[in-house]
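If you read the sequences in order, they're chains A and B. For the first sequence, our numbering begins at -3 and goes up steadily by one. For the second sequence, our numbering begins at 110 and goes up steadily by one.
By construction, these hints were calculated from the structure, which means they are not laboratory data. Quantities reported herein were computed from a predicted structural model and do not represent experimental measurements. Take these hints with a grain of salt, some might be off.
A partial selection of chain A residues facing chain B, derived with a Cβ cut-off under 8 Å [unchecked claim]:
no., residue
1, GLU75
2, THR270
3, PRO497
Here are some chain A residues the structure puts well away from chain B; computed CB gaps all over 10 Å [as the list claims (entries may be wrong)]:
no., residue
4, ARG1
5, TRP9
6, GLY309
7, TRP426
Every residue gets a Cβ at the ideal spot worked out from N, C-alpha and C, and that includes glycine.
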Amino acid sequence: MVRNRNLVLAHLWLAFAVFALAAILGVWQMWVRSPLHAPYADPENYFRSVTAHGTAMAYVLTTLFVMGYGYFVAESSLERRLPWQGAAWAGYMLAVVGTVMAVVTVLSGNASVLYTFYPPLTGSPFYYIGLVLVVAGSWVWCAVMFVAMAQWKRENPGVAVPLAMFATVANAVMWAWTTVGVAAELLFQVIPAAFGWTETIDVGMSRTLFSWTLHAIVYFWLFPAYIAFYTMAPAAAGGRLYSETMGRLSFILLLLYSLPVGLHHLFMDPEQSTGFKFLQSFLTALVTVPTLLTVFTISASFEIAGRLNGGTGLFGWIAKLPWHRPMVLATGLAFFMLWFGGGGGLINMSYGMNAMVHNTSWVTAHFHLIFGGTVVIMYFAIAYEIWPVLVGRSPDAVNLAYQRRQLWLWAVGMMVMTLPWHWLGLNGQWRRVAHFDYSDPLIAWWGPWVVVSLIGGVMLLASAFLFVWNLLRLHARRVPAEVVPVGMRYAQPLYPILRIPAALNGFGLWNALLLLLMVAAYAWPIAQFIAYPSPGTIVHHLDRAG
Amino acid sequence: MSDIPASAENRWRAWSILAVIGAIIIGGGLGFLVVPLVQGAAGGVDAYTAICRAFGILPGSPARPTPPSQANPYPVTQVAWTEATINAIYGADRSTGAALAAQRCIACHTVEGNTPDPTIPRNAGQSRFAIYKQLHDYRSGARKNETMTPLVADLDDKAIVDLAAYYGRLVRGAIDPLRGGPFVGVEIENLVANGDIARNLPPCVSCHGVKAGGPIETPTLTSQYPQYIEAQLKAFASGERHNDIYHRMRSVASKLTPSEMQLLAIYYSGK
Chain A
-3 MVRNRNLVLA
7 HLWLAFAVFA
17 LAAILGVWQM
27 WVRSPLHAPY
37 ADPENYFRSV
47 TAHGTAMAYV
57 LTTLFVMGYG
67 YFVAESSLER
77 RLPWQGAAWA
87 GYMLAVVGTV
97 MAVVTVLSGN
107 ASVLYTFYPP
117 LTGSPFYYIG
127 LVLVVAGSWV
137 WCAVMFVAMA
147 QWKRENPGVA
157 VPLAMFATVA
167 NAVMWAWTTV
177 GVAAELLFQV
187 IPAAFGWTET
197 IDVGMSRTLF
207 SWTLHAIVYF
217 WLFPAYIAFY
227 TMAPAAAGGR
237 LYSETMGRLS
247 FILLLLYSLP
257 VGLHHLFMDP
267 EQSTGFKFLQ
277 SFLTALVTVP
287 TLLTVFTISA
297 SFEIAGRLNG
307 GTGLFGWIAK
317 LPWHRPMVLA
327 TGLAFFMLWF
337 GGGGGLINMS
347 YGMNAMVHNT
357 SWVTAHFHLI
367 FGGTVVIMYF
377 AIAYEIWPVL
387 VGRSPDAVNL
397 AYQRRQLWLW
407 AVGMMVMTLP
417 WHWLGLNGQW
427 RRVAHFDYSD
437 PLIAWWGPWV
447 VVSLIGGVML
457 LASAFLFVWN
467 LLRLHARRVP
477 AEVVPVGMRY
487 AQPLYPILRI
497 PAALNGFGLW
507 NALLLLLMVA
517 AYAWPIAQFI
527 AYPSPGTIVH
537 HLDRAG
Chain B
110 MSDIPASAEN
120 RWRAWSILAV
130 IGAIIIGGGL
140 GFLVVPLVQG
150 AAGGVDAYTA
160 ICRAFGILPG
170 SPARPTPPSQ
180 ANPYPVTQVA
190 WTEATINAIY
200 GADRSTGAAL
210 AAQRCIACHT
220 VEGNTPDPTI
230 PRNAGQSRFA
240 IYKQLHDYRS
250 GARKNETMTP
260 LVADLDDKAI
270 VDLAAYYGRL
280 VRGAIDPLRG
290 GPFVGVEIEN
300 LVANGDIARN
310 LPPCVSCHGV
320 KAGGPIETPT
330 LTSQYPQYIE
340 AQLKAFASGE
350 RHNDIYHRMR
360 SVASKLTPSE
370 MQLLAIYYSG
380 K
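Excised from the complex, chain B in its bound form (with noise of 0.2 Å):
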């Protein structure tokens, strides 16, 4: 085996560096130089914008997003899950929360959040997180109702999170609808497991259920009463209530029947 002289070695170096180093300048003068001229100039955008946008680097691009409209939006909800509202409900205060539930909440919700009343929502086994949507909502108006938008009107921020926290004892606590309900018929169960592609709807157990992807707030449906639950998806398809982002449970309410809805609630309520 005989040595490879220096300057073969040299080559070697050099060469493997030139083609390395023409790839990335090649590459990138396509990507970062000669594709944003030439679709900037055809969009009108100036070429100073077209390359730093290819960078992401100025509004309009992937990294710094362009600022949302600044018209007043219609209340859907003003509620926004960051870290600090996450927080803020996990170390919130529960016996303050009681005290003030017991001048507010108590003489319809009673204590355990388990009125008799079958037209008010039980708020036993609710999370924290529904319980503080609901509550923020009924504030900012982006839900009403005639007792609860004056009692919640005056809260401030830390007396919603403490009252979730009172009654939301079950942290993300739904029960899953499908094991042990009443039978009110394959197609209800078919509509709760599977949804109805025909008529575009996901089905309930998406968000409602046991390990269901829905969002955080999602409320529990399992042991709620049925007439309370029909009233909502009544509610929710006529767009008299109205605080479900994107639509939510106003599109699949819209498409439900009134025997649908009165057999979904029987159902969810377990009786």
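Chain A with its partners taken away, still in its complex shape (with noise of 0.2 Å):
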């Protein structure tokens, strides 16, 4: 039973309206880089753009959806009142107002310093304050969850927290030590100098400081991806989870190894040294352990599925599986390129191999493909599954046909797009630019390469269309009041957890580790900008004259 449907609906539906937007931006800009005459082209409107994109969907997006879902989970598996509702309202406030202002002043042409911000180059302060607002309100959604799961677990001593409540924690236990580091540098450093209250920006700490960030923020936005694969896809599918312990396990290693773990993205950086990035790379090494575990467990849950749907042999089960479920499909379209953008980030933290995609489009691609690709596909498939809890509507067996094809589009429309884009970039095709002078023989043969990834980027906007539509559907839908679904049925466990560790039913051996962890990683490369303090470098304010 889903009481706050409100709440959720409202997160979700700006999420995804924000995200439709930004999906006209991003075929703009593709189209921009591209051999063919793009519309409104020049340097200052293509940075806008990027910027507005980059903010909207990494942090609009993604921050909104989580907290959406979490509250809708939350409500869903524990079978109790969401604590705190007054408050999860008003963090949904916060998160509205800083999304206006951010783009306000995004759209204004005072901002254009790329979401990953890049001082000394300052923009407007407000676009840094509405982002720490929607930040705010998202730190308002982790207390709302600490306590929702420790008031259940009062009332439950000794049983095991619901799998997807356990994991949606372990989500915002990391999101509040992971927006630490985004929130120090942005209030410490970057505010002030935006303001003109500091002439002169320590790069070194900034950066450092945003690397904290930057990596365990993915596993922020892929979570909810996570969370489908364990509680939903098997249940989907027809199946059991074959492993619940396996789950538990991948959401604390995905907690303890996304952290301690950003300096890979500075392995170029002279600022720190080579231990402390060693020291990071290995523990980046250690995320694919849960990623590979995942992995497993998912394929063996759908491999129960399909033999217990009469699939024989080797692989006869996988054709046995129920693909024209929209959650199936999605899982196994997540998983392939999964594949591929997985591997792409096993190159991205190999020191050597680094160097050489370093600020290349290989880097843009492959974050589009992880991201875009693995988990916003989820995040639709996960939208299919519970708006029908939402609105009250079952869909139909037209709906659901729309609902497959949008998800094939976003498929191989993101196959198409992120693969020339990958291939360029290992050809040394430059990121963060503006525009290719095609009629350089050097870069030549780029053109027609980009083009097709342009035709990918129209495929995935025709897709963010159709399932903004599809939901749309949903709400319009008239049927029966006796199809209504009235709650939301989780993926049971093959076998059942009759008692528990208290180690996997709770944080705080976790946070404990954790803090070591950080401590051991991230001590000194922060303390040694304040031991021996750089001269700084000049700020340069995006929203002044020249």
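Got two chains here, separate frames each, mind docking them using the hints?
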């Protein structure tokens, strides 16, 4: 039973509305980069658009989606009323105000600093303050999640917290840790500089603080996809979750090894020493463990479903899976894209290979494939799965057919867009530039491949609109009352957890170990800037005359 | 639901702690001991230095950069944009600057900084930082001019700062050259807006423009005399003027044709 439907819907609709608008910008950007003549193409518009697209997709879509989905999980899996509902609405309003502030300043052209900031470049202070408000809204969400789980545990001593909620709280714990880095950067360095209170900024420190956030934030976006893999996909496939303990371990490992690893974004930076880069690179490698655990567990769960459905032989069960169900289809497509995106990620985290792809289009292509592909397609599937519960209407066969088409279009579009993009990156195509001079014979051959990426982008845009349309249709459909879904059915584990050690049912131990890891990985890399202050870099104000 | 025995709880806790500490020891051991020792030995660096560098606590590592060469540099410029310099410029006394300008500057540059002689640059509309940089360079010898050099030779830091504040009324006040200049041809406008990749020429507006990312001392070109701009481009091209850090303007100007210099000067002058 979900009581706070409006709270969840308010979050998710704002997330998806911003997503659809930002998708238009994305296509236009690829168009500008191509040899075809795009309207309004000048560098100022391009960087304005890149900033808006990145801010919308990476901060607004993700944060609001995670918050809305978290509230949904808290009510539907714990089967109790959400605590602190007033605070939850207040958090939402903070996020709305922050989003409006950020969007207005970006569109006005006063904050074309890209969503990863890049000081000493600074834009209007209200852009950063807007983002801080969005983050503050998400902190309220974290608190609500902690309280919801704590209250439930008090009422159910010794009982295992439902996996969906355990994972959601793992994400909230991680997010609380994650945002410390960027909040420190914004509050103590960038915002004072943007207001003109300080004339110089220690760029080494700001890059290091941002790296603290930069990798873990990606896992914050990824968590909903993993939650769906473990708690929704096996049920949709008609089977059982192969191992719930494996799920809990995976979420704990993601929590531990998503944070002390951010220096792998600074491999080419001079301000950090080799020892710490190596240590964090090593810890990054450990992130593959929960990923592979998940691929194994979910494949095993699907195998159970396929065999229950009459599948035989080594691979015969795959054909027997109910691929017509959007959640099953999306999981399959997400895994397919995960092989490419994850493989690319292994290259990025390897020091030597990273040097080759550094600052090339490869990196942009990589994060579009892994985030826009694997993660966002699961956002769609989650929305399709929970929307009937939220609006009290079941999809009919036509709805389902359009949902499948939308998922296919997204996956194919993402591959068409990102594979040539990767390839051009390997060939040295640089990123963060507003146009390429295709009359230069050295790079003339890039042109056709960028056009292919543009075609992929158009497919993605069509899919984005179809997605919004599909959700709207669910609101509009009239259905007889007896088929209205009343609650969310989560996947049951093959072997129910009858007793559980405290370590797998809470986060006290893991917070302590995470603190240990963070001290080992980040204490000196940050303290060095205080021990040996740099002369500072002159702040450049984008929103003031040159 | 039955309870878990305490020994099982402890086992979970102990193994978790061991696994995390083990990861730190293995990763740290490789990164701070094995790699520095092996690579240090191959590079002729002793074990202690190699390990300290891996931590970043000895010169030669990021936190403690190796000091630059002590040899006397060719005087490009000696202006360093430290926080102290910038604050001194912001805190300058314009009335002292005005009194000093009345003695030394207004005969050529006029009270408003708007000289009628096209071989003398207009100061009006420049930023404090641009004027400070040039005065400082004249004093240090980085830039030479038979009139200016003796006039600033005996000025102290405060005098330079006050003069810069007097003439530099518009703080960072470059006027956007892309809006409203005379039409001098598509090629010149393309050079201004996009540069020329074939000659490795960056666009002029990447530094000289509204919201541009150029260094703080970048002068405003808009409304400057075309004769003066052209003369400076030629001086940069020949290397006669060389107070631009990193050869920024010398590398640009040396690639321009004489007619491009002339047309760019007209474009920026607005006349």
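Results of checking the hints against the structure:
| no. | hint | result |
| --- | --- | --- |
| 1 | GLU75 | 17 Å, violated |
| 2 | THR270 | 5 Å, holds |
| 3 | PRO497 | 4 Å, holds |
| 4 | ARG1 | 32 Å, holds |
| 5 | TRP9 | 35 Å, holds |
| 6 | GLY309 | 38 Å, holds |
| 7 | TRP426 | 12 Å, holds |
Hint compliance for this structure: hint 1 alone is broken.
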